[in-house]
Amino acid sequence: DVKVTQSSRYLVKRTGEKVFLECVQDMDHENMFWYRQDPGLGLRLIYFSYDVKMKEKGDIPEGYSVSREKKERFSLILESASTNQTSMYLCASSLTREVQPQHFGDGTRLSIL
Amino acid sequence: AQTVTQSQPEMSVQEAETVTLSCTYDTSESDYYLFWYKQPPSRQMILVIRQEAYKQQNATENRFSVNFQKAAKSFSLKISDSQLGDAAMYFCAYRMKTSGSRLTFGEGTQLTVNP
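Taken in order, these protein sequences are the chains called A and B.
Under my numbering, the first sequence has 57 at position 41, and the numbering climbs by one with no breaks.
Under my numbering, the second sequence has 18 at position 16, and the numbering climbs by one with no breaks.
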């Protein structure tokens with residue numbers, strides 16, 4: 017069974033801090049994704065990666081960066097956290113083969129004070 | 003750009019009854035995939051059902067079925083014999099066939115199941 021693990025379930029940080037959210041998958045998936053989930057807005061794609069050291073901007077990349085040094089790990093970085101980045105963050109992974117579904121982690125609820 | 007719209011922020015159903023969740027989407031593509039995901043309070047996103055646009059037959063998974071109307075760009079989810087465990091947030095999602103597996107999600111519908 018596919019396992020996508022996010023390092024923290026809840027996280028509280030302060031404005032201006034550099035924040036790292038970590039995601040690890042154990043099924044050798046090529047693709048990894050970071051979404052943020054806000055009430056009434058659904059899930060919005062921040063960044064995604066099709067391979068090691070490759071990254072693509074999603075729909076809302078401003079204020080975020082990512083790192084994928086190893087195939088199994090995809091990190092989301094908030095360079096200087098702001099209160100409007102308080103949200104639920106979901107990581108997902110998938111195979112490249114057609115119609116393969118995305119598998120999600122349990123989410124990190126991040127609060128920026 | 004593709005968009006997905008779920009016009010029902012909240013829905014409720016009595017246990018054992020049937021409920022239909024609506025989803026519409028906008029795309030200029032002719033071949034694509036559509037999904038329904040379920041997110042219970044545990045926050046784990048679970049794939050409920052998927053539909054390939056070139057298949058005319060509506061997908062079915064046990065008590066879950068879809069009504070896929072390609073011309074109308076509509077993709078509704080029907081849950082039959084609703085159970086308390088069906089209570090969750092439901093998301094409709096779209097994926098282009100040619101863009102790898104990037105998904106575009108709707109806003110979500112919160113389903114309550116009343117005993």
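In short, the hints are calculated from the structure, not lab data.
Misleading hints may appear alongside valid ones.
Here are the computed lysine-lysine pairs in the BS3-like style, where the Cα-Cα straight-line distance is at most 30 Å [as the list claims (entries may be wrong)]:
#	chain 1	residue 1	chain 2	residue 2
1	A	K69	A	K34
2	A	K71	A	K19
3	B	K57	A	K69
4	A	K86	B	K99
5	A	K87	B	K75
6	A	K29	A	K73
7	B	K80	A	K71
8	A	K73	B	K75
9	A	K71	A	K87
Simulated restraints on C-beta separations [to be verified]:
#	chain 1	residue 1	chain 2	residue 2	range
10	B	N60	A	S83	21 to 31 Å
11	B	A73	A	T31	29 to 39 Å
12	B	K80	A	S83	15 to 25 Å
13	A	R30	B	K75	37 to 47 Å
14	B	N60	A	V28	19 to 29 Å
Fair warning: this is a prediction, and the values are worked out from it, not measured in the lab.
We put the beta carbon where it would ideally sit given N, CA and C, even for glycine.
Quick rundown of the hints versus the structure:
no., hint, verdict
1, A:K69 - A:K34, "holds (21 Å)"
2, A:K71 - A:K19, "holds (22 Å)"
3, B:K57 - A:K69, "violated (36 Å)"
4, A:K86 - B:K99, "holds (26 Å)"
5, A:K87 - B:K75, "violated (36 Å)"
6, A:K29 - A:K73, "holds (24 Å)"
7, B:K80 - A:K71, "violated (37 Å)"
8, A:K73 - B:K75, "holds (27 Å)"
9, A:K71 - A:K87, "holds (12 Å)"
10, B:N60 - A:S83: 21 to 31 Å, "violated (42 Å)"
11, B:A73 - A:T31: 29 to 39 Å, "violated (49 Å)"
12, B:K80 - A:S83: 15 to 25 Å, "violated (42 Å)"
13, A:R30 - B:K75: 37 to 47 Å, "holds (44 Å)"
14, B:N60 - A:V28: 19 to 29 Å, "violated (45 Å)"
The earlier numbered hints that this structure contradicts are 3, 5, 7, 10, 11, 12 and 14.
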